[in-house]
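> Please work from the sequences and hints to get the whole structure.
Residue numbers (our numbering), protein chains in the order written: chain E, 1 to 336; chain F, 1 to 336.
These are computed hints drawn from the structure, not numbers from a lab.
Predicted model only: the values in this text are computed from it and were never measured.
Coverage of chain F stretches by chain E, computed from C-beta distances (three or more under 8 Å per stretch; other residues unrestricted):
1) 47-55
2) 71-83
3) 91-104
4) 111-125
All C-beta atoms, glycine included, are put in the ideal place defined by N, C-alpha and C.
There are 2 protein chains.
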Amino acid sequence: MVKITDVARHAGVSPSTVSYALSGKRPISEETRLRIEEAIRELGYRPHAGARALASSRSNVLALVMPLRSGINVPVVMQFAVAVVTAARRHDHDVLLLTQEEGEDGLRRVADTALVDALIVMDVQLHDPRLPLLRALNRPSVLIGFPASAQGLTCIDLDFIAAGELCVEHLVGLGHRVVALVGSPPEVYVRGTGFAQRVVQGFTAAADRHRLVSSVHPCEAAPAAARGVAERLLREQPALTGVVVHNEAVLEPLIDAFESLGLRVPGDMSVTAICPEEQAADARVPVTSVAVPSAEVGERAVELLTKKLGGSAVPEATLLAPHLTLRASTAPRSAP
Amino acid sequence: MVKITDVARHAGVSPSTVSYALSGKRPISEETRLRIEEAIRELGYRPHAGARALASSRSNVLALVMPLRSGINVPVVMQFAVAVVTAARRHDHDVLLLTQEEGEDGLRRVADTALVDALIVMDVQLHDPRLPLLRALNRPSVLIGFPASAQGLTCIDLDFIAAGELCVEHLVGLGHRVVALVGSPPEVYVRGTGFAQRVVQGFTAAADRHRLVSSVHPCEAAPAAARGVAERLLREQPALTGVVVHNEAVLEPLIDAFESLGLRVPGDMSVTAICPEEQAADARVPVTSVAVPSAEVGERAVELLTKKLGGSAVPEATLLAPHLTLRASTAPRSAP
DNA sequence: TTGAAAGCGCTAACAT
DNA sequence: ATGTTAGCGCTTTCAA
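Laid out in structure tokens, this is it:
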């Protein structure tokens, strides 16, 4: 194995000079830097990761904890993981994959053995059992999603309030005056899952601001429930022409229900959704939607982490601005 | 930070004794082992991963290279990754995630820096550019999928020949005598993607063995193509009652096509598929199918790798036996 | 059954 | 701008 002393000898310098040339932590004269670079190339030198980690107390590895529970959207998670790995490489880090299954012990293990420098935790719940540990851990972490309190943590996610507002504003721009939010199953609100409530909040605020008639309808994740909601909406709000769906499971069934009730989408009813990009794009009627920007979340999470590793302070909460993608499911309100 | 010397002092033994107690590489008297264990617990000792890697030249980390190209089945990849991580943990290893994007340089980097002890490479192509590197690398690897030659490598995958046979035999058992294989797009065979040809091979061999009338039909991955194949099948093989589909993209469209042509599935036409479990199970008519057992592939890959790391020889090719799951799409041939 | 001590390959303080 | 050198925390020979 080629080591740093071999390179040093070959280049006629000391090992530390090679080390500094590699890390850039102190100025090296142009001339010796070139000699060192050539020696490295000729010998095919690669610094030993373990030795580096030991001497510098930096492994240059990040842990990524992926969710396992059912109900997660697999392609979204994958996209996110790929973004994290790609961004981590740009910052000269590698990514160690942990499953949720390993739980708190797994987090403690990779942190305490100095296997990783920092952690990214996906799918954080409102009262996630890992929160106390993450706060206490001697390594920085970034959480994807918001727990009840971000106090002492670093969290990042889509700004769901702004997403709710954005959908309403899009409908307003198209002339719609009576709108409804078809939301998550009731138990999600009862449980107090942060982002569902935030969508309601944004939706309602924007609707009020624009003096719309609006209503909110939790909905079970089943086609039959979608049908039921559609019927109720038409009965109770005959003037309804715009709907925001925040429940990916019923998006298609709801559109089907509207159409089988004689309404055309978007001719008679405009539908917008907050859901994974794929589902909006691949629907029978492609749906105008706000997606969770998983790639951006991944990149920004890595950036936050490297900043923390660099000693900079970062905000406890980072909210990503929503973007609405226009598709075939929304149109101007037709003349009454 | 608590280190091994702290534990040693606390337990009244030498550091080497603690090390040996931890690794089990030499016998330790019951009594001192207990004292050491207690000291470890009391002090909350965790061996430093980097120091370990440096001293033992083992990082206890495996690299997992995930595919990125479009056309991969994301949930299958995820399932596989989770299985790898879980199995790796059972063997006291962690998993470093690499993307295909990093290519050969990435493989070389993690191998040469001793970041990982061994590699698992997914989505291996017939003439994968990484093959020479993997053969030359100083670290063991396992490939998921089979290249043109497994010579000097360790490969694992579903036994696609047996899968083709199994589907035919299932249809034979139900009394079907005229069968067809609806396969991958023509270019897949031209490109010589190993597993597609192997399915044809198994299908044809089993059909011949049972003296069936059989035919093979490549099919583009588009609903319209499925419709076309269905029409041609009925025209050219009016006696056809059993179909094997090895093209997940057209599975549902093909069934739709049969039904819109007046055939009921499975009443008039039995359909079996070789495809991801999800797609077979979630189809409108749940499809009797052989799935790629991703979890098992992952586990076995890790086992092969740890065996190689332990110095044992392992076979170049490991073929996993296919299993057929009965669902609603196949039934006995109805009386003519 | 246990201990002593020499590294593993690198970084970073300290010197010049 | 560069060199010297003392560790980083662990494993593993060698010795007892």
